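Peer 1: With the hints as constraints, model all of the structure from the sequences given.
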Amino acid sequence: MKHTISVLVENHSGVLSRITGLFSRRGFNIESLAVGPTNDPEVSRITIIADGDEHTVEQIEKQLNKLIEVIKVRTLQKDECFARELMMVKLNCPADKRSEIMTIAEMTEAKIVDVTLTTVTLEICARYNKLERFIEIVAPYGIIELVRTGTIAIQKGSESITAKK
Amino acid sequence: MKMKASQAMVECLKAENIKVVYGYPGAAICPFYDSLMDSGIRHVLVRHEANGGHEASGYARISGKPAVCIATSGPGAVNLITAIATAYADSIPIICITGQVNTDQIGSDVFQEADITGAAEPFVKHSYLVKDAADIPRVFKEAFYIAGTGRPGPVLIDVPMDVQRAEIDFDYPKSVDIRSYKPTTKGNAFQIKRVLSELEKASKPLICIGGGVFASNAQEEINELAHIMNIPVITTMMGISAFSDDDPLFFGMLGMHGVKSANTAVNECDVLFLVGARVGDRAVRTPLALEKTTKILHIDIDPAEIGKNIGADLPLVGDAKYVLRQMIEKAKPQQHDEWIAELNTYRQERVFEPAKAGTVNPRWFIDRLSRAMPDDTVVVADVGQNQIWTATGYHIGKGGRFMTSGGMGTMGYSLPAAIGAKMADPSRTVMAVCGDGSLQMCMMELATAVQHDVKVKVVVMTNNRLGMVRELQTKGYDGRETAVFLDGSPDFIKLAEAYGIKSCRVTDEKSAVEAVKLLRDYDGIALVEVIVDENAATL
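So the protein sequences, as listed, match chains S and D.
FYI, my numbering numbers position 82 of the first sequence as 82, with every residue one higher than the one before it.
FYI, my numbering numbers position 441 of the second sequence as 1441, with every residue one higher than the one before it.
Honestly, the hints are just simulated from the structure, not real lab data.
Take every hint as true, because none was put in to throw you off.
If you only want the chain D side, here are some residues facing chain S, beta carbon under 10 Å, derived:
1) T1117
2) P1122
3) K1125
4) H1126
5) L1129
6) I1146
7) G1150
8) Y1181
9) P1303
10) I1306
11) G1307
All values reported here derive from a predicted model rather than from experimental measurement.
Ideal placement from N, C-alpha and C gives every residue a C-beta, glycine not left out.
Peer 2: This is the structure:
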């Protein structure tokens, strides 16, 4: 089962390697990883999608908490958060296919970020599943290049995961 | 106050009341050594960095406070890793200070450069690569705090040469505040009530003590609680000597090499109260079966240990000393005479089979030795057959202490750890028990003991074999014994002589009497070689 784990860490060099090292040496699987600063420049937020049963996820949380630079760990349930990934896809696009692809972009809320005589580059930000479907739809045109970020997630409603000073 | 960062490092150690450090110099740590020279802190030149780490470990285990070891960059630092991993596995607080190449050279593979913070990462509680000399006071303060609090463990501080040479304004912080590190010490009152109520309801309760009891210095508390509630006690290997063997409530060490009374107790009890024990695979081979039949109550300061190896019905996070104190206040006397009587029937008399000519039965010798040595002797077992013979056969008197590399099983631990232990408390007799294999992994430290006149006692069990592996091959590999023959070993008596160490060899009961006298009475370093049958087994 997949779990979304939000981790607040001190923005020190080497923190990311401590976290990924912990996952590999304890045999936990990372499906995706996204790291970035928060509104507090001293704190970074890492979102990890990990695969494992309840016992594994409990151990992941506890072991992460043991790292000195980890400030907070929270596993987010699917229905309590918004999760997004950003993806950019470069497609084969001869002139006669442009309008078709534009329609797909419109229907899927993807953005056209670049066009050449033979290609088009689309950008889409959505949940993991929606991106998978999007890939299916555009694949027939010929994917030249595809790049996506890891998932980031935020809680619904007024609750928040923040670091106290 | 303005000073060199290397001087500041020394001031930090002084502020932490460090009297002894174990180290091995090299170019990258020379600025620090230069400042250390006139500091009044005693430097013990070890003969290998890993042993320096073990010496610090032995010192820390007896003093109860973080101890310091030092190595230079590159190979020096990398040599320390075994000691770091050993300390990590047994939760021993050591501070490892390593030199590093100049900041601007890091990453360019210069002479004696190794990414030690990266390499040691899996085995440290925390580590620092100091890039700004101004951070030194804070880093040292934090390092000692992190190493010694919560679940203790090794902390590494890697300091590049140019950082050591920089000038800083020194002011040692009075307190530490790490927002992401707040270990729980007191136990949750509600959980404590529930644990007590489960123990009261139990008809066959059992307490199992691990190394956490020493980390927390809770020997007195666990003794008190067990006696108030009249609950039988067993230990893991790391918990040995938290209870005296003379105590009627004590039923020995459990596990693969444990004693019958302890293992039967685990299988028969209805409530198992684990105190600072992580239920390692050598202690409980089938935790899943145990958690099905037995109610598990588990105290640990590290929440990650609760539920990791065995599911706990009642988890209780906290420092054993505090938690047990809280429990003692509320504990009511219980009666478990039948249960204790049942367990008493599983106690086995020690029967020693006669050994073949020219050898002695190792269990007999250990038993004999333990009854002759002072009660408060610190005995450090190495790893292998000698460890099991000592763990199960050394009779722990009141105030005695047993130590070993329990988690990592690091051969060559005993002698250096004994040196550290003896320096932490010179008033006690400290004795290393090792095999001829393990001694040869650390015998260079005999020179360290001689140089600094650290009066340790060494018992080496010679069977010319890597006995534990030999035994495994005999039983598990159809007797195909390979790579376990120690032919070519030196004459250990001559070796001791070469170091100027008093020694004798035990080949029969008569020479054993002389040897025990030497170990007990001689005011100096002594080495006793005990000749053991190559087929003597632990199981």
